[in-house]
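Protein chains in written order, with our numbering: chain A, 1 to 99; chain B, 1001 to 1406; chain C, 2001 to 2091.
It is worth saying that the hints were derived from the structure and are not from the lab.
These figures come from a predicted structure and were not determined experimentally.
Please note that the accuracy of each hint is not assured.
Pairs of lysine to aspartate or glutamate residues, derived as DMTMM-like cross-links and limited to a Cα-Cα distance of at most 20 Å, are as follows [unchecked claim]:
{"id": "1", "chain 1": "B", "residue 1": "K1368", "chain 2": "B", "residue 2": "E1314"}
{"id": "2", "chain 1": "B", "residue 1": "K1077", "chain 2": "C", "residue 2": "E2012"}
{"id": "3", "chain 1": "C", "residue 1": "K2030", "chain 2": "B", "residue 2": "D1297"}
{"id": "4", "chain 1": "B", "residue 1": "K1077", "chain 2": "A", "residue 2": "E75"}
Not close to chain B: a few residues of chain C, all C-beta gaps over 12 Å, as computed [to be verified]:
{"id": "5", "residue": "I2007"}
{"id": "6", "residue": "N2020"}
{"id": "7", "residue": "G2025"}
{"id": "8", "residue": "A2026"}
{"id": "9", "residue": "L2034"}
{"id": "10", "residue": "A2035"}
Have a look at the derived ranges for each label pair, beta carbon to beta carbon [stated by the list, open to error]:
{"id": "11", "chain 1": "B", "residue 1": "K1357", "chain 2": "C", "residue 2": "E2082", "range": "47 to 53 Å"}
{"id": "12", "chain 1": "C", "residue 1": "G2016", "chain 2": "A", "residue 2": "G31", "range": "42 to 48 Å"}
{"id": "13", "chain 1": "B", "residue 1": "G1094", "chain 2": "C", "residue 2": "N2073", "range": "18 to 24 Å"}
Where is the CB? At the ideal position from N, CA and C, for every residue including glycine.
Single-letter residue listing:
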Amino acid sequence: MRITEHPVLGKLEKKPVTFSFNGKKYEAQAGESIAAALLANDIRILRYTEKHGTPRGIYCGIGHCYECRVMVNGERNFRACITPVKQDMQILSQHGEIL
Amino acid sequence: MTYDLVVIGAGPAGMSAAIKAAKAGAHVAIIDENPVSGGKLLGQLYHEPDSGWWVGRNIAREMIAKASSLGVAIFRKMEIWGIFPKWNIMLNNGERLTTEHVLIATGAAEKAIPVEGWTKPGVMAIGAAQTLTNFHRVKPGKKVVIIGVDPLSLSVAQELKMAGVEVAGIYPPPATEVSSDKSNPKQIIQGLSAMAHLAPNALLKAAGKAANHPTIKNIAAKCYPSFGVKVWGIPLHLRKTITAIEGEKQVEQVRITAIDGNGNQKNGRTKTMGVDCVCISGGLYPLSELAEAAGCDFVYIEELGGHVPLHSPELETTKDGIYVAGNITGIEGAKVAMAQGELAGTAISSRLGLLQKGSDAISEAQVKVQDARANAVITFQQHIESGREKLAQCWHTNVQTSSGKG
Amino acid sequence: MDKRTEICRCEEVKLGEILNAINNGAKTSKALKLATRAGMGICQGRTCQPVLEQIISYYTNQNIQETPGLSTNHPVRPLSLEELAGNRKDL
Ligand SMILES: Cc1cc2nc3c(=O)[nH]c(=O)nc-3n(C[C@H](O)[C@H](O)[C@H](O)COP(=O)(O)OP(=O)(O)OC[C@H]3O[C@@H](n4cnc5c(N)ncnc54)[C@H](O)[C@@H]3O)c2cc1C
Ligand code: FES
Ligand code: FES
């Protein structure tokens, strides 16, 4: 899903880091958001809702909607769309309670 | 910490204001919840008729460098949750900044269009697709459809295509209680022809031109081909809509049905198309919650995009010392936001006694805002000028009644 | 719109529930919030508020400017005590 070549923006400089999502290892680009890193690995489901347990993913992409909340290194409620992914980050999809 | 000016939002408006005031000698802080400053600039990418490619992330980078070199304190990854008199700016890490002058430059948010199945992963607001593609360089999907025909969705369609994403079609939203004009082919054509004349984007321009052609204008809505018209290789549909987004856990397909010239669904018959991503473009509205919580007066002006804080020609709200600039005052492009930021930065510097000829500088900055508006290549609201006039009128009335009272 | 279409994503409120509330007299976004929780979710209405205003306006025949839609109060963002105490680790 990565755009490695772009007619205006040019070639993508590779700066790989590794992280885990729900226990599995993936590769990301340093500095990109958690949501972008997951999507680049074809993962869209970020959490399950409180009431009905239905899956949710990125919606607004800029921090407004809070749909993309994930657990990072043991803490809940980081917005995946505006939280940069880091080397060895442990990310889990959230279920249930909000705060 | 105490500052002369605290700017909330590091988009083009906030950054320009911070730079202007810091240049004049003010002690400025700028705060944003994002890890990278630049606001909506970061995702922008389009070709300008005179100056070539507008690459928002590069412009953001230049502004960040300038602000840093002028000693602006840049706070990243910090949400502002409140503004209390007079004025205490509350950060979500428990920190508090004190200042006499606040600039709220929180930009815009997207209006949603609820469509059956729109909560499934793979459905996203058009802005998310833009940021993913141009900033993060990740495809929002392999095969994408767009719901909503407007300047922003057409721009993003072309950006997606440029990045190698298959855009399988652009469709008006189904006619519902919340989308009437956006679902009406006649109104869509009228809107496009009004807004696309200077468009920086080939797709938008082509659509605008076609829509402006007298014959097409009259008959387009009625005779628009049911298979759509390909613009820049992307099928633009006006006689079909998407009634549902389906998939077990995430988006797998959309359900498509035919509509008449007024947007009404013709018969119950539908067909499906496999896609993995749906982008919804419902337009933008000013994100003004902080101004509201701070107690600023508001007006609702449709032409500006919704509820906006009432503000003076110098961009001050009805709360002493609280200013607004950029999309919070009405939905316009980045260059207008920058000019407004400079105006606010100038007005605040003048109030701080940092400018020798303050009122001249303010008038100059006001002219620049008007120029930027007149030369804008991208317009989001059809009657922005008249919206601005309405607001000026409201301010005038407000000043009269409040001075009458005092 | 289909009555099952979700309107408030955060609180998972469907159009049907909103129409019921309107029929039972909730004619402002505040009343609607109290009746259905629509607009009361973690995004504080940023996603659904404009839609709620349009729905109220449509079903009650009022112009949007007449519906006192705005009802934002502090805090405008969700806060956790952890964060406020400055205990949240910077990632
Ligand atoms: C999806 C989308 C696409 C667009 N595309 C174009 C385009 O192609 N060309 C164009 O000219 N214009 C475009 N625009 C219009 C765009 O809004 C303007 O170009 C410009 O970016 C507005 O500048 P601004 O400074 O007012 O706000 P923004 O650029 O939106 O910046 C506001 C900043 O404030 C931050 N913020 C908001 N609330 C808080 C808070 N409580 N705490 C901390 N930080 C906060 C936000 O995170 C954001 O970074 C687009 C807008 C959107 C929404
Ligand atoms: S996708 Fe909306 S907050 Fe992250
Ligand atoms: S969508 Fe309704 S409160 Fe968030």
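Hints and how they fare:
| no. | hint | in the structure |
| --- | --- | --- |
| 1 | B:K1368 to B:E1314 | holds, 13 Å |
| 2 | B:K1077 to C:E2012 | violated, 28 Å |
| 3 | C:K2030 to B:D1297 | holds, 18 Å |
| 4 | B:K1077 to A:E75 | holds, 16 Å |
| 5 | I2007 | violated, 6 Å |
| 6 | N2020 | holds, 15 Å |
| 7 | G2025 | holds, 19 Å |
| 8 | A2026 | holds, 16 Å |
| 9 | L2034 | holds, 19 Å |
| 10 | A2035 | holds, 18 Å |
| 11 | B:K1357 to C:E2082: 47 to 53 Å | holds, 50 Å |
| 12 | C:G2016 to A:G31: 42 to 48 Å | holds, 44 Å |
| 13 | B:G1094 to C:N2073: 18 to 24 Å | holds, 19 Å |
Hint compliance for this structure: hints 2, 5 are broken, all remaining hints hold.
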